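A.B. asks: Model the full structure from these sequences, guided by the hints.
There are 2 protein chains.
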Amino acid sequence: MATEATNGAGETNGAAAEKTVTFTSLKPQLFVESSKASDAVAFYKAAFGAEEVNRISHPKRKADQELPLLLSAEIKLGSSSILISDLSDDSTALVKTVGTGLVFCLETEDIEAAIDKAVKAGAVAEGEITEGEGACCGGRVGMVKDPYGIVWLICTPAKKCANVDA
Amino acid sequence: MATEATNGAGETNGAAAEKTVTFTSLKPQLFVESSKASDAVAFYKAAFGAEEVNRISHPKRKADQELPLLLSAEIKLGSSSILISDLSDDSTALVKTVGTGLVFCLETEDIEAAIDKAVKAGAVAEGEITEGEGACCGGRVGMVKDPYGIVWLICTPAKKCANVDA
Chain A
3 MATEATNGAG ETNGAAAEKT VTFTSLKPQL FVESSKASDA VAFYKAAFGA EEVNRISHPK
63 RKADQELPLL LSAEIKLGSS SILISDLSDD STALVKTVGT GLVFCLETED IEAAIDKAVK
123 AGAVAEGEIT EGEGACCGGR VGMVKDPYGI VWLICTPAKK CANVDA
Chain B
3 MATEATNGAG ETNGAAAEKT VTFTSLKPQL FVESSKASDA VAFYKAAFGA EEVNRISHPK
63 RKADQELPLL LSAEIKLGSS SILISDLSDD STALVKTVGT GLVFCLETED IEAAIDKAVK
123 AGAVAEGEIT EGEGACCGGR VGMVKDPYGI VWLICTPAKK CANVDA
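Those sequence lines, one after another, are chains A and B. My numbering puts the first residue of the first sequence at 3, with every later residue one more than the last. My numbering puts the first residue of the second sequence at 3, with every later residue one more than the last.
If you're looking for bench data, these hints aren't it; they were derived computationally from the structure. Certain hints may be false.
Chain copies aren't distinguished; within one or between two, either way the pair holds.
The list that follows gives simulated cross-link-like pairs (lysine to any residue, SDA-like), each with its CA atoms no further than 25 Å apart [as the list claims (entries may be wrong)]: (1) 38 / 56; (2) 78 / 121; (3) 47 / 149; (4) 78 / 27; (5) 47 / 121; (6) 21 / 53; (7) 38 / 79; (8) 78 / 54; (9) 21 / 78; (10) 38 / 59; (11) 21 / 126; (12) 147 / 36; (13) 122 / 40; (14) 147 / 76; (15) 147 / 22; (16) 21 / 47; (17) 78 / 24; (18) 147 / 89; (19) 78 / 142; (20) 21 / 37; (21) 78 / 114; (22) 78 / 127; (23) 21 / 36; (24) 38 / 53; (25) 78 / 115; (26) 78 / 53; (27) 78 / 26; (28) 122 / 79; (29) 47 / 27; (30) 21 / 91.
On a predicted model such as this, the values are computed, not experimentally measured, just so you know.
C.D. replies: Listed below in structure tokens is the structure:
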């Protein structure tokens, strides 16, 4: 598996038909045991002076359940952002192949093209593109695993679903 | 272990004597099996259109050994940077507690104060502060593991050792 193209091929001489994929942001996303995400945010504030810039509760857990799950909180450390999320049933499926719960979330308008390109380069697509709660901020999300064991979530840009909690 | 302060304590009412710690950057750093780091950089270029912005060879491996190890290559994806490094004997020791080889590198001028603050918040210091080859770009580096299993390298800012390969 994944033996296709890690030799740098296809970078400058790719087919003319290949789509350009633009990523609007890259954010590491940490999934923690439900419902420790709030504690984790507090810890990163205390330990590293992180600043919380966004917090989105799980839309399905607001009214009828005791434990409101944190879909994602965004914290800033310097000029970088990290997303912290409670593991839900959906996200557990999404990240069950990941040892530490640490993945990368790449935001783009064209999830399909991004996944295609990554798979052509040697990544392995994991599962289908899903809508909703699994990751990032509740938009559409697909997943690839790279030859180095890292899982990449290819997600709808955050601005498109920033008011999922509204 | 690590049961101290994940409850958000000590954030606004900390002792007046506590030093302010400033981080100049946060970069995820991926350690891969030696010497696959170059392949990994090529893969991330092909898969995600990453741009290589810096490459530092291992200073000790230049003349007298067959396999030049990549101490770290910095790639840009959107506005974010990721460091890719070959595992060396030193870095294997540094990251042996990490499942995926993925850690965070936090750059600061005051490594000791940063580690102190993180440990007070509930992180666990791992090993001593070391000089050299283990991580980042060859400056001083310390390591803490947080209560969520993530390893943080607290490093000298990159600008201070950018010409280690010169």
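A.B. asks: Give a verdict on every hint.
C.D. replies: Going down the list of hints, with the structure as the test:
In this homomeric assembly, residue 38 and residue 56 come within 25 Å of each other (Cα to Cα) only inside a single copy, at 17 Å, whereas the closest approach across copies is 37 Å. Taking identical chains as interchangeable, the C-alpha atoms of residue 78 and residue 121 lie at most 25 Å apart only when they sit on different chains, with a minimum of 20 Å there against 31 Å within one chain. In this homomeric assembly, residue 47 and residue 149 come within 25 Å of each other (Cα to Cα) only across copies, at 13 Å, whereas the closest approach inside a single copy is 33 Å. For the identical chains of this complex, residue 78 and residue 27 are neighbours both inside a copy (13 Å) and across copies (11 Å), given an alpha-carbon limit of 25 Å.
Taking the closest pair of Cα atoms, residue 47 and residue 121 come within 25 Å of each other only across two copies (13 Å); inside a single copy the shortest separation is 37 Å, beyond that limit. In this assembly of identical chains, the alpha carbons of residue 21 and residue 53 lie at most 25 Å apart only when taken from different copies (17 Å versus 36 Å within one copy). For a Cα distance limit of 25 Å, the shortest separation of residue 38 from residue 79 inside one copy, 20 Å, qualifies, whereas the shortest one across copies, 29 Å, does not. Taking CA atoms no more than 25 Å apart as the test, residue 78 paired with residue 54 passes in both settings, with 6 Å inside one copy and 24 Å between copies.
Taking the shortest alpha-carbon separations for residue 21 and residue 78, only the inter-copy value of 20 Å comes in at or below 25 Å, while the best intra-copy value is 32 Å. Taking the shortest alpha-carbon separations for residue 38 and residue 59, only the intra-copy value of 13 Å comes in at or below 25 Å, while the best inter-copy value is 40 Å. Taking CA atoms no more than 25 Å apart as the test, residue 21 paired with residue 126 passes inside one copy only; the shortest distance there is 19 Å, against 46 Å between copies. Proximity of residue 147 and residue 36 under a CA criterion of 25 Å is satisfied in both settings, with 23 Å inside one chain copy and 20 Å between copies.
In this assembly of identical chains, residue 122 and residue 40 lie within 25 Å of each other by CA distance solely across copies; the values are 18 Å between and 38 Å within a copy. Taking the shortest alpha-carbon separations for residue 147 and residue 76, both the intra-copy value of 23 Å and the inter-copy value of 20 Å come in at or below 25 Å. In this homomeric assembly, residue 147 and residue 22 come within 25 Å of each other (Cα to Cα) only inside a single copy, at 21 Å, whereas the closest approach across copies is 39 Å. For the identical chains of this complex, residue 21 and residue 47 are inter-copy neighbours only, at 15 Å across copies versus 40 Å inside a copy, given an alpha-carbon limit of 25 Å.
Taking the shortest Cα distances, residue 78 and residue 24 sit within 25 Å of each other both inside one copy (23 Å) and across copies (13 Å). Taking the shortest alpha-carbon separations for residue 147 and residue 89, both the intra-copy value of 19 Å and the inter-copy value of 20 Å come in at or below 25 Å. Taking the closest pair of Cα atoms, residue 78 and residue 142 come within 25 Å of each other both inside a single copy (23 Å) and across two copies (24 Å). In this assembly of identical chains, residue 21 and residue 37 lie within 25 Å of each other by CA distance neither inside one copy nor across copies; the values are 40 Å within and 31 Å between.
Taking the shortest Cα distances, residue 78 and residue 114 sit within 25 Å of each other only across copies (22 Å), while inside one copy they are farther apart (29 Å). Taking CA atoms no more than 25 Å apart as the test, residue 78 paired with residue 127 passes between copies only; the shortest distance there is 22 Å, against 29 Å inside one copy. Taking the closest pair of Cα atoms, residue 21 and residue 36 never come within 25 Å of each other, the shortest separation being 38 Å inside a single copy and 33 Å across copies. In this homomeric assembly, residue 38 and residue 53 come within 25 Å of each other (Cα to Cα) only inside a single copy, at 18 Å, whereas the closest approach across copies is 35 Å.
For a Cα distance limit of 25 Å, the shortest separation of residue 78 from residue 115 across copies, 20 Å, qualifies, whereas the shortest one inside one copy, 29 Å, does not. In this assembly of identical chains, residue 78 and residue 53 lie within 25 Å of each other by CA distance both inside one copy and across copies; the values are 5 Å within and 23 Å between. With identical chains, the CA atoms of residue 78 and residue 26 are at most 25 Å apart both within one copy (17 Å) and between copies (12 Å). In this assembly of identical chains, the alpha carbons of residue 122 and residue 79 lie at most 25 Å apart only when taken from different copies (18 Å versus 33 Å within one copy).
For the homomeric pair residue 47 and residue 27, the shortest alpha-carbon distances inside one copy (22 Å) and between copies (16 Å) are both at most 25 Å. When the C-alpha separation of residue 21 and residue 91 is checked against a cutoff of 25 Å, the pair qualifies neither within a copy, at 34 Å, nor between copies, at 41 Å.
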